[in-house]
Amino acid sequence: MRPIKGYDKEVLHSLLKEMLLIRRFEEKAGQMYGLKKIGGFCHLYNGQEAVCSGVAAAMDRGVDRLLTGYRDHGHAISLGLEPKGIMAELYGKATGVSKGKGGSMHMFDREKGMWGGNGIVGGQIPMAAGVAFAQKYHQDGGATVCLFGDGAIHQGAFHEAMNLAAIWKLPAVFICENNQYGMGTSVGRASSVKDLFIKGQAYGIPSKMVDGMDVIAVLEEVKAALDTARKDFQPSFLEIKTYRYKGHSMSDPAKYRTKEETESFLQQDPILLLKTRMEDAGLITEEQYKELDRQLKEEVMQAVEFAESSPEPALSEMYSDIYA
Amino acid sequence: MAVITFREALRQALDEEMTRDKEVIVMGEEVAQYDGAYKVTKGLLDKYGPDRVLDTPITELGFTGLAVGAAMAGIRPVVEWMTIQFGLLAIDQLINNAAKFRYMSGGQFKFPLVIRGPNGPAEFLGSQHSQSFASYFVHVPGFKVVAPSTPYDAKGLLKAAIRDDNPVIFLESEMSYGHKGEVPEEEYLIEIGKADVKRAGTDATLISFSKPVLMCLTAAEELEKQGISVEVIDLRSLRPLDRETVYASVRKTNRAVVVDEAWPQASVGSWIQAEIMKDCFDDLDAPVELVASEDVPMPYNHALELEVQPTVAKIVAAVKRVAYKEKE
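Sequence lines, in order, name chains A and B.
Number 238 in the numbering used here belongs to position 238 of the first sequence; there are no gaps in the numbering.
Number 139 in the numbering used here belongs to position 139 of the second sequence; there are no gaps in the numbering.
By construction, these hints were calculated from the structure, which means they are not laboratory data.
Note that CB positions come from ideal geometry on N, CA and C, so glycine has one too.
A few of these clues could be false.
Quick look at which bits of chain A chain B covers, simulated, 3 or more residues with Cβ under 8 Å [unchecked claim]:
no., segment
1, 3–12
2, 30–44
3, 95–102
4, 126–133
5, 221–235
Okay, derived cross-link-like pairs now, DSSO-like style, lysine-lysine, Cα gap no bigger than 27 Å in a straight line [what the hints assert, rightly or not]:
no., chain 1, residue 1, chain 2, residue 2
6, B, Lys252, B, Lys198
7, B, Lys22, A, Lys169
8, A, Lys9, A, Lys194
9, B, Lys110, A, Lys84
10, B, Lys198, A, Lys169
11, A, Lys169, B, Lys47
12, A, Lys28, A, Lys112
Given only the sequences and the hints, what does the whole structure look like? Please build it.
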């Protein structure tokens, strides 16, 4: 666990607040899914909050871009998209961040750097290399972060993109959120090697493993990688070890793992770990935390109310946004 | 007017657009130092440098996906696939990302991207390098698909494709690169979505695209000698399809034959055949015929491979059938 000494109180508060907001948002999304307000695929992020929060905090939000997979609600919140717009998107409403045409897997906000949730495992990796290519070509001073799961790392898309990023020296940071299961298949059953980060080394790309339960570790390592990307056009690869508490999607009861395993990870919950360090440093009290939690639950409830009361898209919307 | 090859027409289009707009880049296997497998990109590396003319590793999925991402961020990549056949490795990046991201994001992004390369049967290449995949792309909303048959159309359409803000699939033909035709010195564009009447006629309409258009013109000459006047329509664009031009001709001649060098099932040709029969039903004096490739993988043997494809003789016979002049 990395020390929080040296970080402004505001920075730590905002990380804690953001992670807790994501947790409460996902809990509510799961609940609304159970009530059939949300349909289709819905991949929840509970347990992985430190990854996207650390990543977003490390980004230069004016110029950097982020592309991720389908478990993307947390990334959207971390990049500053309003919970209202995200919830409305889950409801398929016209006020959703993608006008109700994307859904759970496809949250977008061009200006905020949220360049998509991709529903094809690993499909975003070559694209992200391309966004990084454009950043270098335009000399805009930015870098691109690409996130994907441990299931994606065996796709050719990963390997082809890593090779291209290396030979063309692209300002990109590739991050494998290793939550240890590709749907129901444990990483041990799917990977030829135990440590996934060595797959980046095969392409001559600096690669390392990061504790994804420690938001400070994520922030620091991603920041260093982004700095190298921007300054030296040197891509990096990070395997961030994390854990998802819920099933792969709402339809998955996660019978392939033991209760003990899940509980052991709850002991190193990313929100709990930051909160404890902040308490120890006298930066937050239990009462203040409870008050924060109450406010965030209220914010999430308002997002639900917003989504519920928002209009459906007009049927004519079916034919818009196909061609530029 | 200058007479140049199809390949030179394409090269001129790339050259002119790269000069006009710094966002235009070219990437693909062997496009730079090797001057292109079919020499379409000859000389571009020397003129525009390695930042804009990029040799890629043999990773169609990787570099096509990279181009999609670059387009998303404002570059106008022209990707060369050494053959469209290799593009099957990359088609996910095009369909799921280039064609859908604009829609899925509620219109926040655009993808000014051109994918070009030889499509359709060539010669002696065996089964894996010799087939038309036009229908794979025409099927997908979000793409535009063009397939020119002459150097003039190739140049004007490629320039329009590069300036288009949408992903354009640009289908060429390996057998056409050496074909010559007139191309004016002055700049011109050809609007995507407009067919061209390549020969006027009154008794039947031949509808085709890409290389088989030339076969249709030869067939039309032969039929003329037999007293049948044939109109030849070159679709040029397959998505969007210029129904207006096709239907106007069919309503005039009342008879139509579609020629497509792809397999017959669920092909562009069978789709157009169905569209005409549905929309021009009352104007037709005969069922619309389709001359396609045989429903088999392409054999290596030359006599077999020629007979698998549409031929002038097959087209002539089909026109005579729809004109009810088989016995003459």
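Here is how each hint holds up against the structure:
{"no.": "1", "hint": "3–12", "verdict": "violated (count 0)"}
{"no.": "2", "hint": "30–44", "verdict": "violated (count 0)"}
{"no.": "3", "hint": "95–102", "verdict": "holds (count 7)"}
{"no.": "4", "hint": "126–133", "verdict": "holds (count 8)"}
{"no.": "5", "hint": "221–235", "verdict": "violated (count 0)"}
{"no.": "6", "hint": "B:Lys252 / B:Lys198", "verdict": "holds (16 Å)"}
{"no.": "7", "hint": "B:Lys22 / A:Lys169", "verdict": "holds (20 Å)"}
{"no.": "8", "hint": "A:Lys9 / A:Lys194", "verdict": "violated (37 Å)"}
{"no.": "9", "hint": "B:Lys110 / A:Lys84", "verdict": "holds (25 Å)"}
{"no.": "10", "hint": "B:Lys198 / A:Lys169", "verdict": "violated (48 Å)"}
{"no.": "11", "hint": "A:Lys169 / B:Lys47", "verdict": "holds (23 Å)"}
{"no.": "12", "hint": "A:Lys28 / A:Lys112", "verdict": "holds (24 Å)"}
Hint compliance for this structure: hints 1, 2, 5, 8 and 10 are broken, all remaining hints hold.
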